[in-house]
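6 protein chains.
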Amino acid sequence: MPVIRVEMFKRTQEQKRNLARELTAAFVNTCGGNKEAIKILITEVDKNDWASGGVITADKKDII
Amino acid sequence: MPVIRVEMFKRTQEQKRNLARELTAAFVNTCGGNKEAIKILITEVDKNDWASGGVITADKKDII
Amino acid sequence: MPVIRVEMFKRTQEQKRNLARELTAAFVNTCGGNKEAIKILITEVDKNDWASGGVITADKKDII
Amino acid sequence: MPVIRVEMFKRTQEQKRNLARELTAAFVNTCGGNKEAIKILITEVDKNDWASGGVITADKKDII
Amino acid sequence: MPVIRVEMFKRTQEQKRNLARELTAAFVNTCGGNKEAIKILITEVDKNDWASGGVITADKKDII
Amino acid sequence: MPVIRVEMFKRTQEQKRNLARELTAAFVNTCGGNKEAIKILITEVDKNDWASGGVITADKKDII
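Protein chains in written order, with this note's numbering: chain A, 662 to 725; chain B, 662 to 725; chain C, 662 to 725; chain D, 662 to 725; chain E, 662 to 725; chain F, 662 to 725.
Derived by calculation from the structure, the hints in this document are not laboratory data.
Don't take each hint at face value.
Identical copies go unnamed one by one, so any copy, or any two together, can satisfy a pair.
[Said to hold, decoys possible] Below are the BS3-like pairs computed for lysine-lysine, each with C-alpha atoms no more than 30 Å apart in a straight line:
1) K722 x K708
2) K721 x K671
3) K708 x K671
4) K722 x K696
5) K708 x K696
6) K671 x K722
7) K671 x K696
8) K696 x K721
Keep in mind the model is a prediction, meaning the values are calculated, not measured.
Produce the complete structure using the sequences and hints provided.
As structure tokens, then:
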């Protein structure tokens with residue numbers, strides 16, 4: 662505890678490495694606690710599996 | 662917000678496309694809100710990773 | 662299976678009742694399967710616990 | 662209901678089979694309820710997607 | 662890692678205590694690993710927030 | 662997208678406000694993307710609902 666879960670589109674391993682480090686630092690800086698106890702789980706989501714406004718992202722012309 | 666997550670066995674892309682559209686419509690029709698704000702995340706689950714009654718689905722004779 | 666989870670701001674019980682019925686219908690209509698097997702879990706989220714753009718919703722002037 | 666979700670590193674199918682059976686038994690023994698109603702969802706997590714102490718597991722010398 | 666999440670209807674604290682102990686034992690017995698690393702998160706769900714077959718549990722005559 | 666979920670023990674509203682701001686900044690700094698698209702959901706967990714090593718946190722002498 663705490664557990665931080667991130668659902669995002671595909672990123673590089675270097676980005677995930679940096680993300681884990683910086684999210685952990687952000688948590689300790691604002692909420693305190695033991696850095697080692699902070700767990701992070703990253704889930705990369707395919708653009709065929711995420712929709713907004715009723716439309717699958719992969720079907721949109723402009724993918725954000 | 663809202664976020665709707667669906668965990669289900671494998672479906673075709675066309676089924677996922679229709680599902681995203683219809684779940685979004687169902688939400689707006691019953692709870693109101695801005696259609697664009699509705700996010701849907703689909704997770705397809707392997708039959709080796711889902712169990713009921715203590716038995717993995719892939720091990721069952723009759724898979725529903 | 663499937664499991665549909667909805668995270669949304671507070672709604673009335675009547676809205677939740679209608680939502681459960683209509684999400685279930687939307688699933689059966691687009692993906693098939695046994696209506697009885699469809700499980701829905703609703704989580705109502707406090708506006709102090711949801712943020713976008715780095716700002717907690719309860720702190721925003723315009724809450725959507 | 663209930664739904665039990667397990668996030669863990671990769672295991673063999675035999676381990677997952679045993680896990681589903683034993684988690685279900687543990688639930689019935691301590692909380693009662695209908696065995697058939699107990700659903701289990703297993704998610705195997707890649708060591709590149711899990712971090713503790715701000716460090717991705719795959720980057721650690723000692724992986725637990 | 663691993664993280665085990667349980668979503669269930671309300672139980673007593675004694676049931677939750679026993680559940681945490683037995684789920685942990687079930688995991689170690691079938692998948693191995695360090696007992697201390699096993700995290701369990703229990704979420705008690707209101708019968709107004711869970712539906713099957715399109716009907717909220719609190720609205721059903723027979724609640725399982 | 663992305664969605665960041667944080668499960669943690671109870672914090673003050675000021676801590677949650679700071680946490681949302683800093684997690685969002687950490688994401689943008691390491692993974693890029695549109696700040697406004699970053700959604701954060703905070704879930705505060707009771708010490709009766711979280712266990713490690715098979716023991717509910719509220720039952721432990723030393724709560725971390």
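field: Violations among the numbered hints
entry: none
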